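Novice: Protein chains in written order, with our numbering: chain D, 1 to 302; chain C, 303 to 603.
In short, the hints are calculated from the structure, not lab data.
Keep in mind that a hint or two might mislead.
[Stated by the list, open to error] Label pairs and their calculated CB-CB ranges:
#1 D:Gly-62 to C:Val-356: 33 to 41 angstroms
#2 C:Phe-403 to D:Arg-194: 38 to 46 angstroms
#3 C:Leu-438 to D:Phe-113: 39 to 47 angstroms
#4 D:Phe-113 to C:Ser-499: 44 to 52 angstroms
#5 D:Ser-64 to C:Asn-372: 42 to 50 angstroms
What you are looking at is a predicted structure, and each value in this text was computed from that prediction instead of being measured.
Positions of the beta carbon are idealized from the N, C-alpha and C atoms, including for glycine.
Each chain, letter by letter, is given below.
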Amino acid sequence: MVVHTISGAAPGRRTEHRAGWGLVAPFLVIYLLFLVVPTLYGFVMSFFNGALVKSGLGSFAGVSNYLEALTSADFWSSTWHTLLFTIMTTPPLVIVALALAILTDRMRHGRWFFRLVFFAPYVVPVASVALIWTWLYTPKIGLWESWLGAVGISAPNWLGDPNWAMASVALTTVWWTLGFNFVLYLAGLQEIPRELYEASAVDGASPWSQLWNITIPMLRRTTVLVLLLQAIASLKVFDQIYLMTEGGPNFATRPIIGYIYDIGFTDFRTGYAAAISTLYFVLILTVSVIWLLVNRRQLREV
Amino acid sequence: MATSTTSRTPAVATPARTKPAARRQIVDAKARWFNGFCVSVLVVFAVIWALPLVWAAVTSLRPEGEIAVNPAAWWSGSWTFDAYAKVLGTGDIQNWYLNSFVAAAVTAILAVVVCSMAGFALSQTKFRGRRWLFALIGAGLVIPPQVLIVPLFNEFNTLHLLNTYWALILQALPAPPIAVFVFAAFFRGIPAELAESAHVDGASWFRIYQGIYMPLTRPAVSAVFIFQFVWSWNNFLWPLLVMTNTRMMTLPVGLSQVSSAYGIHYAQIMASAVLGALPLLLVFVIFQRRIVEGVATTGFK
Chain D
1 MVVHTISGAA PGRRTEHRAG WGLVAPFLVI YLLFLVVPTL YGFVMSFFNG ALVKSGLGSF
61 AGVSNYLEAL TSADFWSSTW HTLLFTIMTT PPLVIVALAL AILTDRMRHG RWFFRLVFFA
121 PYVVPVASVA LIWTWLYTPK IGLWESWLGA VGISAPNWLG DPNWAMASVA LTTVWWTLGF
181 NFVLYLAGLQ EIPRELYEAS AVDGASPWSQ LWNITIPMLR RTTVLVLLLQ AIASLKVFDQ
241 IYLMTEGGPN FATRPIIGYI YDIGFTDFRT GYAAAISTLY FVLILTVSVI WLLVNRRQLR
301 EV
Chain C
303 MATSTTSRTP AVATPARTKP AARRQIVDAK ARWFNGFCVS VLVVFAVIWA LPLVWAAVTS
363 LRPEGEIAVN PAAWWSGSWT FDAYAKVLGT GDIQNWYLNS FVAAAVTAIL AVVVCSMAGF
423 ALSQTKFRGR RWLFALIGAG LVIPPQVLIV PLFNEFNTLH LLNTYWALIL QALPAPPIAV
483 FVFAAFFRGI PAELAESAHV DGASWFRIYQ GIYMPLTRPA VSAVFIFQFV WSWNNFLWPL
543 LVMTNTRMMT LPVGLSQVSS AYGIHYAQIM ASAVLGALPL LLVFVIFQRR IVEGVATTGF
603 K
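Same shape as in the complex, but just chain D (with noise of 0.2 angstroms):
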């Protein structure tokens, strides 16, 4: 070993190269075997009849999976309700977070407390969260149209009703993620110089005018991440949905991941399913294309 290093370049070279290849290895084969290989596999499978319950791609399909997607009520209607719910989550998620991280960072004492109080729900799994929002929607007994009658409002049938289903896992959305953004604007905040705000402060500013010159300017790069970020997230929405309204009623809720999920597990037609899933894959990369550009400079400094 030692005289390897001592004796020139080329074998240290050598080993060098052998190294990093040996390291990277197992990451690798991980990587091609259970992303790259079903990454292509699904893309193939889309122009394919396959089945699950048979093995092997099925007979070849050309195009037909994909212009009966394109052509398919259920599928538009799907995309629709990912993107709707996309719409009703993004705002409130960016907003409130902001807005309570801003409060929370203005207290002196007990941050901690604000912290725990509103990143808790994130770290709860989204079942217990869908027991809990269910019953706390239920008619009748539920927590909300208990208040909601005490102010003498009379409640909507959260979950049952189509006009209100979204909405209802929305809201519910909002109160288990949002501590996830509070948190990044939280870092974000502690990067704002103080000396910004004396300096204001000294010139006669009032708060209120300190939060929109200096707080939300200089915020304006966390709130590219956040936005992107939950957006992203947004449009992967499933779990929740699935486990409160299971689509329903009616498939009024049902997201694009439930489609593929219908299609492919339970009508069995994993070709279909691969053709929706590489459509969603197309509206996902172009928020991501967004992303990585935004973030280009993050990344090559890695």
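Please build the complex by placing chain C on the supplied structure of chain D, with the hints as guidance.
Specialist: Same frame as chain D, but now just chain C:
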């Protein structure tokens, strides 16, 4: 820096000296009022956020008969652990705990080992094909695991790995490959002279990775470990597909069957929900700072 503060000092002093005391009091009162307003808003939101979990815990400790009469109450005449005894005594919940724990722990350990090795190689060694590999792994960042459920299910079915821990572990390891980048970024921050001097002393690359770089990356190790663990523990869709045998279910998948199994026994349903939430809530309370730092520095989601 120093000049700006000295030049500003008179500006601070002058208005403070000339400002009448009465006006300063009004400003102080206004600021105090504003602070009070902020605190109240924050406390109201904190109460709203704590409410569902507290209410679930309260309900789980009330007798079923009392809940049937008054479901939305916050207090009980007779607190009881009855629901917990029933859920733990008759259900499969111990199995689900064990399955979730084993799968999450093994996934997290393997992720740390495998991703740190890859991160070290990519950031510290110069091997041919490195740039190409970087691009390949980077491309994986944009592939959501949800897109792969159909081909992955076929693959695991062919490999006869359904209803085994391997189905959970092997699916979770490559995605998200962000762990590799987290490690690579941390290793970049360690001075290269350390590796060079170890090299001169004749240490192998693996020794340098294991003996010098790994001990210096505790923050990255704990961030990746905690996140992989939490992510595995809370993962739902994939375990739902591959763990169909009740004995092999993970906690979230098992809990999803609970409400149909217990019908209208709300104390038992809430006890199950609390039991599902408890382990990670405890982990979070203990490692709060680490987890929050991890979220802030890596942006895992």
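Novice: Are the hints correct? Go through all of them and say.
Specialist: Now for the hints, and whether the structure bears them out:
{"no.": "1", "hint": "D:Gly-62 to C:Val-356: 33 to 41 angstroms", "in the structure": "violated, 57 angstroms"}
{"no.": "2", "hint": "C:Phe-403 to D:Arg-194: 38 to 46 angstroms", "in the structure": "holds, 43 angstroms"}
{"no.": "3", "hint": "C:Leu-438 to D:Phe-113: 39 to 47 angstroms", "in the structure": "holds, 44 angstroms"}
{"no.": "4", "hint": "D:Phe-113 to C:Ser-499: 44 to 52 angstroms", "in the structure": "holds, 47 angstroms"}
{"no.": "5", "hint": "D:Ser-64 to C:Asn-372: 42 to 50 angstroms", "in the structure": "violated, 58 angstroms"}
Consistency with the previously given hints fails for numbers 1 and 5, ordered from lowest to highest.
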